[in-house]
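So the protein lines, in turn, are chains A and B.
Note that full-length UniProt numbering gives residue 622 to position 622 of the first sequence, counting from 1, and the numbers run on in steps of one.
Note that full-length UniProt numbering gives residue 624 to position 624 of the second sequence, counting from 1, and the numbers run on in steps of one.
Keep in mind the hints are simulated off the structure, nothing from the lab.
Wrong hints could be hidden among the right ones.
[Said to hold, decoys possible] Incomplete in silico selection of chain A near chain B, CB under 10 angstroms:
no.	residue
1	Trp333
2	Phe336
3	Glu577
4	Leu690
5	Leu691
6	Lys696
7	Ile728
8	Lys806
9	Thr807
We put the CB at the ideal spot given by N, CA and C, even for glycine.
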Amino acid sequence: MRPSQVQIDFGTPPGTSPRTSSEFEQVHYPASHPSYSSTTEIYKHEELLPLHYMNEDTSTRRRVARGPGSSGGFMSDEHESEMHYDDEGKDVYSKLRHAKGRVSSGRVHKPPPPPPASISEFISQNLEHLPPAIYTLLSCWTRFHRIGYANTVIWDEAHFGKFGSHYLKREFYFDVHPPLGKMLVGLAGLLSGYDGHFEFKSGEVYDANVPYVAMRVMMATFGVALVPLGWYTAVELGMSSWACHLVALMVLCDVAWLCISRFILLDSMLLFFTFTTVFFLTKFHNQQYQSFSFDWWMWLAFTGISIGCVTSVKWIGLFVTAVVGLYTIEDLWEKFGDLRMSNRDQIRHWTARVLCLILLPITVYMISFKMHFLILNHSGPGDSTMSSLFQAQLVGNDFATNPRDVAFGSKLTLKGMGWGGGLLHSHVQTYPVGSTQQQITCYHYKDDNNHWTVLPTWEEPEYNPNSELRFLQNGDVIRLQHVATTRNLHSHSVAAPVTKLNNEVSCYGNSTVGDFHDYWVVEVVDDIKEGTDVSRIHSLTTRLRFRHQAMGCYLYSANAVLPPWGFKQLEVSCTKENDPEDMHTYWNVESHWNDRLPPGDAKFYKSSFFRDFWHLNVAMMTSNNALIPDPDKEDILASSPTDWPWMRLGLRMCGWGDHQPKYYLLGTPVIWWGSTVSMIAAVIVVSVYLLRQQRKYIDMTPQQWDHFLYVGKIAAYGWFLHYFPFFIMGRVTYVHHYLPTLYFSVIMFAHLLDHFIFSARWKGSTKRVAFGICAFLIVGNFWWFRGMAWGIDGPINDYWGLSLRKTWNIYNA
Amino acid sequence: MTTSMPFTRIPPFEKALDTPQASAAVVGVLTAIAFALRFYKINQPDQVVFDEVHFGKFAAYYITREYYFDVHPPFAKLLFALAGWFVGFDGHFTFENIGDSYTENHVPFVGMRALPAILGSLTVPVVYAIMKETGYSTIIAAFSACIILFDNAHIAQSRLVLLDATLILFMSLTIYSYIRFRKLRYWEFTVEWWSWLIATGFFMACTWGSKVNGILTVVTIGIAVLVDLWDILDHKKGFTMEHFWKHFMARAVGLIAVPFIIYLSFFYVHFAILTHSGAGDTFMSPAFQETLIGNELLMNSQELRYYDVVTMKHKDTKVYLHSHPDRYPMQYDDGRISSQGQQVTGYGHDDINNHWQIIPTKALPEAGRGRIVHHDDIIQLLHVNTETLLLTHDVASPLMPTNQEFTTWAKDDHSRHNDTLFYLNIVDGNHDDPWKSKSSYFKLVHGSTRVSMWTHSKQLPEWAFKQQEINGNKNPTEKSATWFVDQVISTENPEGHSVDHTPKEPKKMSFFKKFAELQLLMLQHNAGLTSSHPYASGPINWPFLISGISFWTENDEQKQIYLIGNIIGWWTCVITLSIYVGILGADLLARRRGIQPIPEAVRGRLWNSAGFFLLIWAVHYLPFFLMGRQLFIHHYLPSHLASALLAGAVLSFILSDTINYPISIAGRWTKMKHSEYADLGMRGPVAVGVFAFTMFLMFLYMAPLTYGTPGLDGETVNAKRLLSSWTLHFAAKVTAEVL
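So that you can see chain B by itself, here it is in the shape it has in the complex (with noise of 0.2 angstroms):
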């Protein structure tokens, strides 16, 4: 919004320049130049890039409505479903590894990537935008809006089919629109007032429902309408308080009521399309498992009786419950004792060796209910190939001396028959739940020393063939001790339960159930993501650009796609944000001191506008630091962008020292002061258009690492590793002086 601003005395080209036509003019032309670097060979490399691995695969499952699991919200996959199915893709392809090729296997990949290419042009002209309502003037909108057009990471990421050009658009929209809520703060709960406050909420709720780096935006907002309210708050401004409560309320209603409703629809939207039984399903509970159509377990799951064979499984490592004539060691290598005891293993392949009965431990009616096993019941497990039944007692382990060994004892040995009880205890389950196969997940509790039977991925040695150690665990929360029966082997009466393989309806679980469930998967799958990568980098490496992320390689020509930014503008940023900081360390003690440097009104802009582009920086980038997960450089383009708007606030400030006023709309009550317009004088044009211009010769001189064409020789290769620490392929040897 540009306001009226006295035209006396200014140059000619400057006060064009910010006529509402010359900035439309801009705008047009930053956004073409950013379709066209975004759009630019937009079908190379026809391959699977990077994590394409992932979202082109879910994306598949939407078309195909199978059932996945993935740490992030749905709303930016559900985008590239619609674009997949848009183009007519059938969801057939699924994107195993990086290199396979898309029209080998007629795969409409353009439709799909140009979804993230316009949203990522898009952000472009909102990073204008945001310049421009926030009382920039044309010329530093632009220079902004250069870091990211012609930003090699920013364009490498939306390019392709990935989340992050969703998020950052949104992430960039939400400030945008708190912008101009903020601007109407004289204007309070007129229409426009109530439709930008909704549409902050709106966009948040996007951004936080494509990935979730959005709860980070989330929390910016927060933290500025905390600090907003604060300043309601304040007595001084002679505000009651219902008025106070009125603007809570608002916001609450704008902020969190309607965001949240958005954030479960996508949910909503979520489920409702992905209703067969697909990859995702072990994720799952088995409640949940029962609402998928053509779920294993709704097909197969069958209550068990007292003298059923059955095999069972280990949740989390999938090894069967296993035992063979071999015995443990009397001496282990460290010296302790074993009980000689028959071994009982954990062992990851079918065999009869994995077969176990059920014996019951009370009297059982000759036929009906009364025969099946319920939670609670107390059992014994009979390994029916050597007719021994399992066992625990206080002996260490063999590999943990701090876990008890499991062994089993003949069955018709009753010396030792109070050691072989054991607590039938389904996870979840209730006192009259039946024991089924498949969906019952149980923990296996001793009776007398109640361990839970228990496995970890540690490998016996020779003496058991390798196999997993089974110990029972004296932790009565431990999670991972959970078991499932994976097969009925055989069953004394059949006519009980003849298990009919029609198809069964799907059963119902509300939506809130699901989501919630699924909701706290996600956060737990994303907090264990830390297996290490070679391409995942600490934050403190990102602002300075580092190391960047190797997306894809083809041999043949030496081609490769590498995600790094343009140096020039990271540095840019880097830079510009220091001295910001040094402007406002230096404020504070001046003024300490006595002293105002900075002229009231540009201060205040320094502190209120500049302020809230670092605070959406901080909150983007240093949580990154407490974060145990693996961490890649494009975890830090929202801050990046931000980082960009920074960068044009400060020039601002360094140009001239004066700002346009008044950018908010002023109320009825509001008295105004006199207008001043922000004089960059030459300076301005020329300053960003060298930068522009060099930005550009920077971005062309990366670009075939950022399109991933031509393919390059070693010599290039080198000459393009501008800092030592970017590990590009296909680089030429460098050979040391042999002296």
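So that you can see chain A by itself, here it is in the shape it has in the complex (with noise of 0.2 angstroms):
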């Protein structure tokens, strides 16, 4: 490991005068208030300063201010010496002399060590890699051990693994997840050969010819990298090497996350970019005095990197994306305070934030984007979430060969051109609420239920198959016949099922009976291909409007989402507002069938990147609120947040028959609880130490009071934004939501361990002793409950002792 080079031009070299104050930046008190005038003048500066400004922080700021790079030379051996100061931590009251440099609670630091001569000596230099290589071994076997052993379809192996299928046929797709992780899912099927035949049939017995078992194994490396990274990310964070073992071994040992990197899902991708994420951002903290230097920028930007690829594994990635937000701007605001900081030094810590952690990740997420549109160039099941131009451009489409232009008596499917707009689609349920006519739906999904009829309005000659073509045009008044029921789409002055103030469209009538609320005058917006000057309405490339002719709104569908009744598909509603720019409004002709019009010409139209893009993340979004939970229907995979960290309730991820492996997610008893517990005890020991400041008891110098601050925020930060949120999310919550936040609470867990037990003033053999029985419970606890996550075999009654909460389903009652 590379050491920082903090220690080198840093605290003050032996021999010279103690600091004045005028070495550091004066917070400016009121000067009439009481408690200053009278203090000497010592105590008055000791006063004035918040602790923490009187941190190497500051003055190592100082020294970045006259330029990157100008310190140099390597640490005295005298100074070295100063840096062994481990167990003073808890010396009180003799702390506000020297600035020490790289605060950790228990590590210590060592310069780096030359170049190694030969190979014994090469060993000895890098021991201390022994302990995380043999963790990874292990978690190699925990990961790969039986991985196979269950042939069937696991849980959500269901989706992933059809989506990653879809990858290997190059058939469009739709789905709420961004594409990362299932493009990794399709890349895994790649290289194993697997040629995406198999449909994934929850439950289904793996064809031979599906190599689930190499796919698996692909998957289970994410989750074994999650072990080195976590040993990684407490020695960055600074802890003892006690308490590096700890957090190792808990995510070695962690059931529910090794029972959840065995099979084809996204979840060991996602905790394997939030893994990262934390362990380059603590790599990046700790380069914090060498701002602008080649590893600063280089720790900084696989930040943003890994919040680019954790958010386009799943959106749940955002989570951590907002601890690495809240550490930045504190950075910032650190840096912002800093008024010897010149402007140019300024200007550039916050372009490189904004580059790195903004663009960089955005960047990332739109590759992989890219990647997916590029991949996937062959019609399949989603195609009908895009819009109708990104459609025509796909390999396998008919749209190109619809017959061009418009005309009375076409069958023809119309798609809403606003964000994550579908089909105008009606079927025979009809509404509970308003008129309880038929419902009229935005659908995603090709259907006949989509098909409609162009037709003449009543008062005009019925229209006749043999008669002169007659071709649509700009303003002219159709009707528009639902080809499956013969109802007319009509319009009323009934208000709408959700957005309240619009009125309802439902279908009405039908071939014979109607009125004048049928009618819908037609409004060009503009072509594609022609502009705004358009004769005839094209199929694909002309924008269209329709105007409620009696009323004069404007059919519209934007995302609102039907109740249940409405089998959750969008809402269509009729807009009293005539926003012309309103893409909401806008609608296009996508399949077109007329039998006595030429087919159209073998073209493809282009549509932008940036639009589909944004269409199908929209889309995303829109299906993702869709998810939420149906209260008619019992769902007992689902839980609430509340159940998580206490473990009230598993999920089985498979049936429960005899004869099957059965696996269920649930953690590791003694972590989830120990993480949970360490969580309360985080806040009532910061408050302890807060009060006890309050009455000047000083239990740490500043620097190890920042450096246990920095550890707590990021665990606590963590956990708090990947735990809060579900609360607020109206969508349904399954155990595995959980599990990225579990590693804040076990960096917890870890930290307040290491803080009382491994860097506190105990004899080694206390330590020992202590590290022991941790260790102890965290592996006895995995072994007892391993089976959940390697597969239980035979009738599950058969075992004893599993069911720890009464409130666990692995028994069948």
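Could you fit the two chains together into a complex? Lean on the hints.
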């Protein structure tokens, strides 16, 4: 491990006079404040500065202000000896003397060793990497052991395996998660020689030629990497080696992390990128006194890339992004208050953050979508989520052969052009509210219920297939008849079910019954090919609006989702506001059938990447919001956030028959409970320390306090930001949503143990005993529950002692 | 408390305004206007309006002394009952529907409405006094008071029998007392100091006692006290720990013990008055119900014996346990297979197919108390009409694959004997408790599979006559699997227990048990109010006045009451709020860069006193974002009051960078700095005068919606619909120009 260079030019060289207050920024307190006027100069200085002002941060930044790299020379020997202050941590009342080097709660930082001259020297220099290597090997064993034992599709493999197959078949599909994780599943399939033919039906037995074991192994490799990442993050957080061992052990031995990594799921990748984000952030933090050095840039950029990756796997990754965001805001706030930093450096700091933590992740995220579009260039089940123009580009799509000009009597489908819009749809179900007529919705799948016929008004002569062709033109008044039910698209002044301010749109009458409320005026916005001067309506390229003739409102579909009675399809209404810029009132003809017209030429229309990208993201957001728990359906798999920290409920990942391996997603109790307790303990500990500070008990040096807070904040912010949002989210939640959260509480757990035991002034033997107990509990617990992740054979009720809480449904009641 | 000021070089008008006499005159005028506006046409409409349906009814229940249940604590409702009793209301009008006439039913409603109107009017001088005590000049205090004085929402809300006027008055009194208390901080442990401390506690209890939302006021004061104590703890202040503990204990007494005792006393009065059985009985536990005079449980509960024939009802959905000879269809629509056993369903009506006989599974003595059924006994239930025994087994129920099917089995066929055994599990029962009709809630737990008999409000299809499904729920802690015996149809040895219908003495239950039970139920039901309401709105809409509530309409004369605030006042509050946050942000940023744009004293006032107002606003507003229950714009009124206070503070800051100083009462050792006078110049009176006048005009413009009179034609309604999101009634149809 490369030690930071922070020790180099830092602190007071021996022999110089003690610092005076002039070295510090003054924080201006009211001159009139009674408590400051009478104290001595020294005392005043101590009082005036909030403790954190005296830390290395300030003083080192001053060095940086002279320009990066101006410092030089290795640390002198006397200085190095000063670094071994380890156990002075608890020594009270003696601390305000010197600012020290890089602070950690227990780890001693060594200067970089000279280059190794022999192999044995090389080995001895790298001995510190031995434990993580061993842990990694162990994690290979736990992750890969019996990995192919269940030869059936387990749980969400049904989704993600299928999506992986789509990449291999290059067929466009739609899913609520961003594509990176699923592309990696596809890649795993590609590498293991899978051809994408398998359907991944839930619980189905794998075909002989589906290399599911190889695919699972590749997914599990991400899980393997969690363990060394945990270790090195702990190292970077400055934990003592005991605590590093604990972190690695906990990551290694948690049954839930183990279990979720062993299948073809996105969670192992999500966890992996969450772990890397934290790791890179801590790496970057330790570079803070070498601003703009190569390493500094590198770790900052890696943090950004990692953010991009984690968000491209699942949107839950935004939570860890928020952690990085909070850290950065605090960091920049510190820098903003550093009056000695030159404006140029201020701007460089801000620019660096914007570049690496905002632009870079967005680029990564967009690249993943670009690749998604590049790979999936065939028509597939997800087509209709995208705009018609996008679909026209897909291989195997027949839009290009649509007759180009729309005429009366044409059968067609209409596509909403707003972000995430669907196809105008109707079905026999009626509205339970409002007019109680037949429902009109926007639907994202192709289906005969999306078909409409363009017909003339009731007053005009009835459409005759043998009469002269009449092309549809701008300003024509038409009636749209739903092909399957022969009812007509209709609107009236009844409030729409969700968007109450708009008029309801329904399907009314039949092929002979109707009224003037069925009339819609076709207004052309423009045509992508021909501009605004359009004589005829073309399929795909012409953008239309439909104005209700009687009421003047426009056919409108935004992303309002209907309640379960509307099958959570999108609401269609008639908006009274005439906003010619509103994309939600734009429609285009997508499929078009008319026997009397010649088929169009096979020409592909381009749609821009940014439009497609945004369109897909809005569609994902809309479907994600539609995943609300259905009150009418009991979902025994779902759980609420309050169930997680205390492990109230587990999750049966597969069928529970006697003759199949059974997997139960639930953590190792001592890790989950211990880490939850540590979150509560952390709040208490910090309050006690704050109270003691308020009464001038000095337990730690300012640097130690800063470091204690820094690690605690990473853990606490991370936990809070990964946990609390689930309460606000309306969507259905499962226990695996807690898995990224758990990491932060594990860090907190180790941090507190480190603070109170392993880095505190206990005898070595006490620490060893404490570590022994912790390690024994963790490993013992893991061993007891290992079956939940490795698969339980035979009747579950034959296994004794697996149900620690009555609420776990691990046994058949 | 005005303090002596150096009256040098101050223009006479402003000087005059800040004298105690002028201040008294101003507050007098404001109060008079407040009373006038709130009492104007208070008898209009003479019909039940909006939530008067609830709160009027509750007041009536106090007068008839019948027990009721509500999610709000009783203080404000007790006041209404007192007002009603005072004006001679006999409690026999039940406030059934919005629009019921008061005059036809001879209800002295004006007297009852006068109470909130008085309380609402008094809020105005209290707001004035808060601003004055906090150190703002008369004109600024009048500004804040005007925002409340001319506010249509505050007026509409306090002219009706609703709880909010009480809540808001006591909330503002709490703030007022706390500010008085804070001002005495250098004069600690004096009689005055103690009085204001206890007054804070007292008003706090009244606030909380009026409405559950009052708890937010308690939280506000709690946070302020914590900050205060944190300050005292600071070693730089040089206080000893003994001194700190003394302060701590004083606040614990004044702000925890005293309010709690007062809060309890409201409930004590509540229980003392409501001694008769009433509409709220069924919410309570059987033990509680038996303390009420005339309660059915008390009157008709009897111990059950083996071989009694009974009917059983589900506690939540009130259906009978029912069975009939029809069988489950072999295959359901989704392809699952049934046992084709006899159907067991939940049925809403009385019917002989609801009769079940309790069959013992052990030897019984010939007679005597040994034949009584006890908690934890194993029993069988015989369906009398078809001579079959209730049974459940591991077959999925018709509607829920996760739950077990309930069916019956011929009495004489012993092959399935084990599946017909059920444990009788009385809720909160002890070993020897007898099973009683009406008063014992029980679960029927299956002997071998441990499911409990359960039902839910889903109907079965036609083949079961759309009756309710009954199935076995695997969750052992499921609360809704609770049943009770409704009627005893026949009994084998009638000499054993004759039901005597002589009135029984109600049982006793300790006050604290009653209180704990009611408090818990209130919390549960409050969280459970999640059903949607056409006029419910999300918190984000409130400060901007996006939507209101239609309280009442009358079709004949097109009259309506629509709860909506004075848009000038509300938007002023929002704007000043954002200005304030902007100033704080700019100040923080500037200080971070070593610049101090605001003079120290002014900054202190801005952070501490206006900050306290911001705290009140935030604590009374932000928690609503987390609540799942239905929310209405009137939940924002306490926050609106706080934002009016903040608006005053910000206006003062904008007009002048001088403040009144000192405000707090100097202690013996306080070192005085030179005092200062907030010189707003003539700008202040002019600005506030213009503002008050526009407020008043806007108020007048909206007044027909607030007072519900006079009626409006469609065009006028459209004109008064200032925001397109207001859903006013009787709007003229806007016909879009058909081109």
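#### Entry: Hint numbers not upheld by this structure, sorted from lowest to highest
none
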